[in-house]
Amino acid sequence: MSMRTLYACVLVTACGLGANISQAASYADTIATVQPKLVKIYGAGGIRGLEAYQSGLLISADGYVLTVWSYVLDSDVITVTLDDGRKLSAELVGADPRLEIAVLKLKATELPFFNLDAAIGVDVGARVLAFSNMFGVATGNEPSSVLHGVVSAKTELTARRGVFRTTYRGPVYVLDAMTNNPGAAGGALTDRQGRLTGLLGKELRNAQSNVWLNYALPIEELVAAVEDIKAGKTRPRSAADDVKRPVDAHSLAELGLALVPDVLPKTPPFIDRVVRDSPAGKAGLRPDDLVLFVNGRIVNSCRMLADELATLDRLEEVRLIVQRENDLVEVVLGGP
Amino acid sequence: MNMLSQRTTWLASAALIVLACAPVACGADDVGAEEEAAFKAAALSVAPSVVRIETVGGTEKVDDVLVGTGPTTGLIVDADGYILSSAFNFAQKPTSILVTLPSGQRTAAKIVARDDSRMMVLLKIESEEKLPVPTFGSRDEMAVGQWTIAVGRTFDQALPNLSVGVLSAKSRVWGKAIQCDAKISPANYGGPLVDIRGRVLGILVPLSPQGQGEVAGAEWYDSGIGFAIPLAEWLPRLETLKQGGDLQPGLMGVSLKKGDMNADPAVLVACAANGPAAKAGLKPQDKIIEVDGTQITRQVEFRHALGPKYAGDVVRVVALRGEERIEAELELAAELAPYAHPFIGILPRRDIGDQPGVVVRYIFAASPAAEAGLQAGDRITKLVDLEVADAAALAEALAAHAPGAKVSLTYTRGEETRSAELTLAKLSAAMVPELPPAHGELPPPEAQANVGVLDIKIPEEQNECAALVPENYHPGAPHALLVVLATPGNYDRDQLVERYRKLCHEHETIVLLPRPADAKRWDVADAAFIRKAIEDVAAHYNIDRGRILTSGYQVGGAMAFVTAFAEPELIRGVVAIEAAPPARAPLPESDPARRWWFYLGAAQKSKTLGAIRKVAERLEELEHPVVYPELGESSRDLNADELDGLGRWLDSLDRL
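In order, the protein sequences belong to chains A and B. Residue 110 in my numbering sits at position 110 of the first sequence; the count goes up by one each step and never skips. Residue 159 in my numbering sits at position 159 of the second sequence; the count goes up by one each step and never skips.
These aren't lab readings, by the way, just hints derived from the structure by calculation. These figures come from a predicted structure and were not determined experimentally. All C-beta atoms, glycine included, are put in the ideal place defined by N, C-alpha and C. Watch out, some of these pointers could steer you wrong.
As the list claims (entries may be wrong) - Quick look at which bits of chain B chain A covers, simulated, 3 or more residues with Cβ under 8 Å: (1) 106-113; (2) 512-525.
What the hints assert, rightly or not - Example chain B residues on the side facing chain A (calculated, C-beta under 10 Å, incomplete): (3) Glu35; (4) Gly58; (5) Gly152.
Okay, chain A solo, but in the shape it has when bound (with noise of 0.2 Å):
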């Protein structure tokens, strides 16, 4: 209630009074033509504490549903209730389970829909609104939530390995309204003109900030597989995107490097001896220096400079820079 009348006063002071009032009449007309759009999803969960229900959907007038792969889906009986309150029964078309999209079917026709190839994409600071069925609030025929907020960043989610713990790994729209909730994955990121242009993805900690990170999947990565699944081609896991071990990857050892040793979960990479002609060596490396970045990424412990060296193929160049003192070095180790 608060919040709503704080909003209520934002809109006056900026705009002034008339603007409140019609501006709040343009979003309610482009809310009224989304929701029907949106559908809740149903299927497996209810035990420890896993929510059996999530949102969805309809990206055609006969009844397809795009959503995301969750073990909601991992049911032998999946329902979808639409926003007029029909409840029908879906068939799980197929899953992508590296984007983890799902698609399902509903047996019905004359569905209003969100048309995938006119799927917009949106600038950083565009106000956006997001549709879902957040903790399952809406029942029946009430139609879903509405957020409203702005595109916070566009960011890839494999800009650090580890960070975020999804196996998506591509763009996202970061979003400063609380949109990922429980319930709200598969719920739909509009412009505020209702074009559709995102996927609420699930809920999802940032490992290193260890906060909770709001975002959607932009349609434009998601339209392919989309049409893959519809044609029977569902992806197998592909490990392709996924970070690839070399057999033969770089070491420590073979680098000519010795760390201090690694007492805390957070040693920071200090050298502590560098092997003569070795490629450290050669390098010019000495003891003391700090390691910050390896080709580009930064290593804030011993143990994560160690896993980073294992991802690069020995034939690779390895480009370090460290801090001497108060100067940061780059070199080259290594390559051809």
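Could you slot chain B onto chain A? The hints should help.
Leaving out everything else, chain B in the frame of chain A:
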């Protein structure tokens, strides 16, 4: 274009849109689009001053909060390479700090100085690049409800991340911060909060009105409550940080009379010796009515007025001493000498008599009272020129005098009124011999309370807990409360009850026997349960709030320290046998409003003797009363005689 005309233009254009299109639905959409464009433009206009900060090394947890190691944000505030950021971003004490400028250039950074009041850190980098300093908006021009945009550079190096909200409040956390409802988290701590035109309103930091430290307030991330330190008014302080000087909260060195912060006037109860207030001539009983021209009618307003001040600031205070108006100018301090409690050397009787005054129950040997010839049975009526109606009034009057001060005491012996001059000593925690009774025969109680061994159940808590209430409990007599933290895995309730029965019965004490939630070990989280259990007992029995202590042997003793330090408002002391607090635990400061008691028992060959001695030394430096009972050669818990002595000691802690 100057600021005024920019603003007028913007307002005019906004008004035009509203006027031109208000009746048409599509017109509103234009306002929405205009605003969206303005959000983006605001973030972009400040972006050249917003840098990305990465850290290497350091600890993983700070105060039990898992701190991230992801990139954080900073703001260029000086073209010579000075960057301001949130202290949260450096709580893990990193080995190395790297700043990436908007251009992509990376440089090493050093912490120059900290602002411990507003939890900011100033960094210095060396760069050939031109470093743009943003423009700042002042607090006077801000309006609650205006758009605010929080900017960070944590997701994407090329483009800053932003979150949009409104200004929720212009003064929060004792005047130090402004508040907004944009989403504030590690994604933008250290970054700027800007207005719709990209002017910097403040630096985003986690803050807590109660807690202290770098991570306090971080639990409110993304909650709709975000704080920023307003910068325009703060910038004159930048020079101090640039010179390497840390900024610290300013202390006046006074304690206010206990009471309701939101209702009671700011009456001083003590002024720290050599503290700024004492040096400026302020005295206990003075009522503060003005600070730097701001009227003060309640204690909370006094805290608001002092909250934003730094050590070194000069503050003009007006106080009332009776009818007299006292004006004082004082320079706030960063630290105060620890407060030493004064001691007369008497133990008051606990009868509620029909005459005002404090009847002496017992005189401590070699104390000021003993030297001045006071005797048990004397009735003290006046300290210096203050009438004292009861023991609480005497304690309050006494707090105004420091040890070493000469005071006069008026008392009656029989029909005769006498007075004595005595030099106050430091409060002693000395053990006592057999004591005379604290009160006479009490009338039979109206209702009989439950006595014996009782189960204490607290809703939502898993811990088990028993209370041992003596059979001779009388609701008219204030009891001591001893919380016994038994060694986990070795909890035999019947045995514990047997062990403490005599102490309870003979020394008007209730014993609480809580168990940890995890039967195998004590955890910091159990302290909250212990607090609730104590409050539960205090709600049903007559407990003397000045004599609630935790106790334990070895690990139980360590937990006794942890619990007491976690609940300083409630627990007044620790009985630790063969135990020391965790090495990094900060010890409580001595404070006129409350006293701490420490009973540290150790054997001569104890393995923890070194740690215990070190803690005892630090406690005495902080002017806390400490007593060290002799426990013989090898480590053991207290025996029956020593428990009896402990009971007498607990009975004597309302000494003055």
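Tested hints:
Figure legend: the stretch 106-113 of chain B, annotated as covered by chain A; annotation consistent (4 residues with Cβ-Cβ distances under 8 Å, at least 3 required). Check result for the stretch 512-525 of chain B against chain A: violated, 0 residues qualifying (beta carbon to beta carbon below 8 Å, three or more required). A least Cβ separation of about 7 Å between Glu35(B) and chain A falls short of the 10 Å threshold, and the interface hint therefore holds. Proximity of Gly58(B) to chain A holds as hinted, the smallest CB-CB distance being about 6 Å (cut-off 10 Å).
The closest approach between the C-beta of Gly152(B) and any C-beta of chain A is roughly 8 Å, which is under the 10 Å cut-off, so the hint is satisfied.
Hint 2 alone, counting from the list given before, is not met by this structure.
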